[in-house]
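There are 2 protein chains.
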Amino acid sequence: MTAQVPDAPDGGHGRPVPDATVARLAVYLRVLTELRWAATGPAAPLGHPRTISSADLARLAGVKPANLRRDLTFLGSYGVRGVGYDIHLLTTGISAALGADRSAPVALVGLGNLGQALAGYAGFGGRGFRIAALFDADPQRIGRTVAGLVIQDIGDAGRVCREAGIAIGVIATPEHAAQPVADVLVGAGVRSILNFAPGVLLVPDDVQVRRVDLALELQMLAFHEGRRADPAPTGVAVSS
Amino acid sequence: MTAQVPDAPDGGHGRPVPDATVARLAVYLRVLTELRWAATGPAAPLGHPRTISSADLARLAGVKPANLRRDLTFLGSYGVRGVGYDIHLLTTGISAALGADRSAPVALVGLGNLGQALAGYAGFGGRGFRIAALFDADPQRIGRTVAGLVIQDIGDAGRVCREAGIAIGVIATPEHAAQPVADVLVGAGVRSILNFAPGVLLVPDDVQVRRVDLALELQMLAFHEGRRADPAPTGVAVSS
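Protein sequence lines, in the order shown, are assigned to chains A and B. All residue numbers for the first sequence refer to the numbering used here, where the first residue is 3 and numbers rise by one. All residue numbers for the second sequence refer to the numbering used here, where the first residue is 3 and numbers rise by one.
No lab work stands behind these hints, which were simulated from the structure alone. As the structure is a prediction and not an experimental result, all values here were calculated from the model. In this text, a Cβ means the ideal position worked out from N, Cα and C, and glycines have one as well. Accuracy of the hints is not assured; some may be wrong.
Here are some chain B residues pointing at chain A (derived, C-beta under 8 Å) [to be verified]: (1) L100; (2) R104; (3) Q118; (4) A119; (5) F126; (6) L196; (7) P200; (8) L203; (9) D207; (10) V209; (11) L220; (12) A224; (13) H226; (14) G228; (15) R230.
In silico SDA-like pairs for lysine to any residue, Cα to Cα no more than 25 Å straight-line [said to hold, decoys possible]: (16) K66(A) - T23(B); (17) K66(A) - L37(A); (18) K66(A) - S55(A); (19) K66(B) - R193(A); (20) K66(B) - A68(A); (21) K66(A) - N69(B); (22) K66(A) - D88(A); (23) K66(A) - A68(B); (24) K66(A) - R26(B); (25) K66(A) - V65(B); (26) K66(A) - V85(A); (27) K66(B) - L204(A); (28) K66(B) - R229(B); (29) K66(B) - D215(A); (30) K66(B) - P20(B); (31) K66(B) - E219(A); (32) K66(B) - R212(A); (33) K66(B) - D88(B); (34) K66(A) - P206(B); (35) K66(A) - L218(B); (36) K66(A) - L216(B); (37) K66(B) - H90(B); (38) K66(B) - G201(A).
Put together the whole structure using the sequences plus the hints.
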């Protein structure tokens, strides 16, 4: 990797980047990675473009072009007017800015269907983390291998996380187990938790919890579908 | 349900609601529903409050209070200055506005670990949709029952979706199967697709695709964790 984030005359180091921009940068990185894969994979057409316009990248990422251009000012200048962005350079630039070339170890707790799906998720490579340890409380699961890792006893999580320097935990347990698991993880030094279980977790102020609600996107789709089926509703209207 | 969305002097019917507001309304609804459950469940403390301040609701939803107040103007007025929002009234108001009291039928394709987790997801009730049909291509899965529904042959999806009036599909297949499955769903009249598989789907312009990237939130956490471990980075800084 020779790419680096350049000094940015229009961006500048230390300028605070809003969370929304960080999230969109991650989406651009995913889109660009998929484009690069398409351009080099077995099905790649000859002469596949090496650049992408801001309009095309914005469309593929589902954001407004103005947002894209503003987001990229935080990285410095990667675009050439009339030519667009070099896909390889922009990919490595965003990757470095997001720290996606690092590999923070992550503990995953709860190896039911969701946990197994997460452990084996193909989209986790090159995103700045790696699943480093699996835990469950079920004796029938402990000792089994999932995605190349042996499921360990949640009772050993404190020692294992401390020894491996794990600071990020994923909770994919049923709701009733989520709080005790969070307590174990926090006691083991975990400072960031991604929670897939319903309900609110109580943690110390210096621990960050992000909640993934698998129903949210489907709820949005159902809402829009309802608007389509009933274009003159009594409730709210939606801009596109 | 006697609740309705009142005529809103400060909001007004037909005023376009931004997608971001729709998404946040869905988050408020989830938080309020969880609060109501906590207030009425077996562990409910006596005298649990029936109202919530905008500051508390904003904090639980992870949004800025100013955003919350602006979002709720689209519904009309549910708050009383100095008292806060009545949890029950606000819940039913948002629910009606989002159409969460409807129940749009959804087809789920791909009953691997992720699909099974989705089919059995506890957080799907009262969100405006219901999983109505399951499909897979694997003969070993077809005919099995998951979450009360029999897995059907993807080859029958066209007929089943048309007969059941299914307009929303969820793709939880491996990446290579996602495009052919999308083609089948679109041919069956599906107009909204939620895609959990990596990669870009090609669909007609009048079909809406939303992509769920299970890595995104974890990438955000890893990014923030990297900032904590290395507070003087060469890349971008983040506002809190």
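message: Can you confirm whether the C-alpha distance between K66(A) and L37(A) stays at or below 25 Å?
response: With Cα atoms ~19 Å apart, K66(A) and L37(A) stay inside 25 Å; holds.
query: Holds or violated: K66(B) with P20(B), Cα cutoff 25 Å?
result: Answer holds: K66(B) to P20(B) is near 16 Å, not above 25 Å.
- prompt: Within a Cα-Cα threshold of 25 Å, do K66(A) and A68(B) meet the stated pairing?
  reply: Status holds; Cα separation ~23 Å.
query: Is K66(B) close enough to D215(A), meaning Cα to Cα at most 25 Å?
result: holds, 19 Å
query: Within a Cα-Cα threshold of 25 Å, do K66(A) and V85(A) meet the stated pairing?
result: holds, 19 Å
- request: Tell me if A224(B) is really an interface residue toward chain A, meaning its C-beta lies closer than 8 Å to one of theirs.
  value: A224(B) check passes; min Cβ-Cβ to chain A is 4 Å, inside 8 Å.
task: Take a quick look at whether K66(B) and D88(B) sit within 25 Å of each other, Cα to Cα.
output: holds, 20 Å
message: So, as I understand it, the hint says A119(B) touches chain A; can you test that by seeing if any CB pair is closer than 8 Å?
response: With a minimum Cβ separation of about 4 Å from chain A (threshold 8 Å), the hint on A119(B) holds.
Interface hint compliance - D207(B) to chain A, C-beta minimum distance less than 8 Å: violated, 12 Å
task: So, G228(B) near chain A? Judge it on the closest CB pair being under 8 Å.
output: Holds, about 4 Å.
query: Does the CB of Q118(B) sit less than 8 Å away from some CB of chain A?
result: holds, 4 Å
message: Does S55(A) sit within 25 Å of K66(A), going by the straight-line distance between their CA atoms?
response: With Cα atoms ~13 Å apart, K66(A) and S55(A) stay inside 25 Å; holds.
Of the numbered hints stated above, those contradicted by the structure are hints 8, 9, 10, listed in ascending order.
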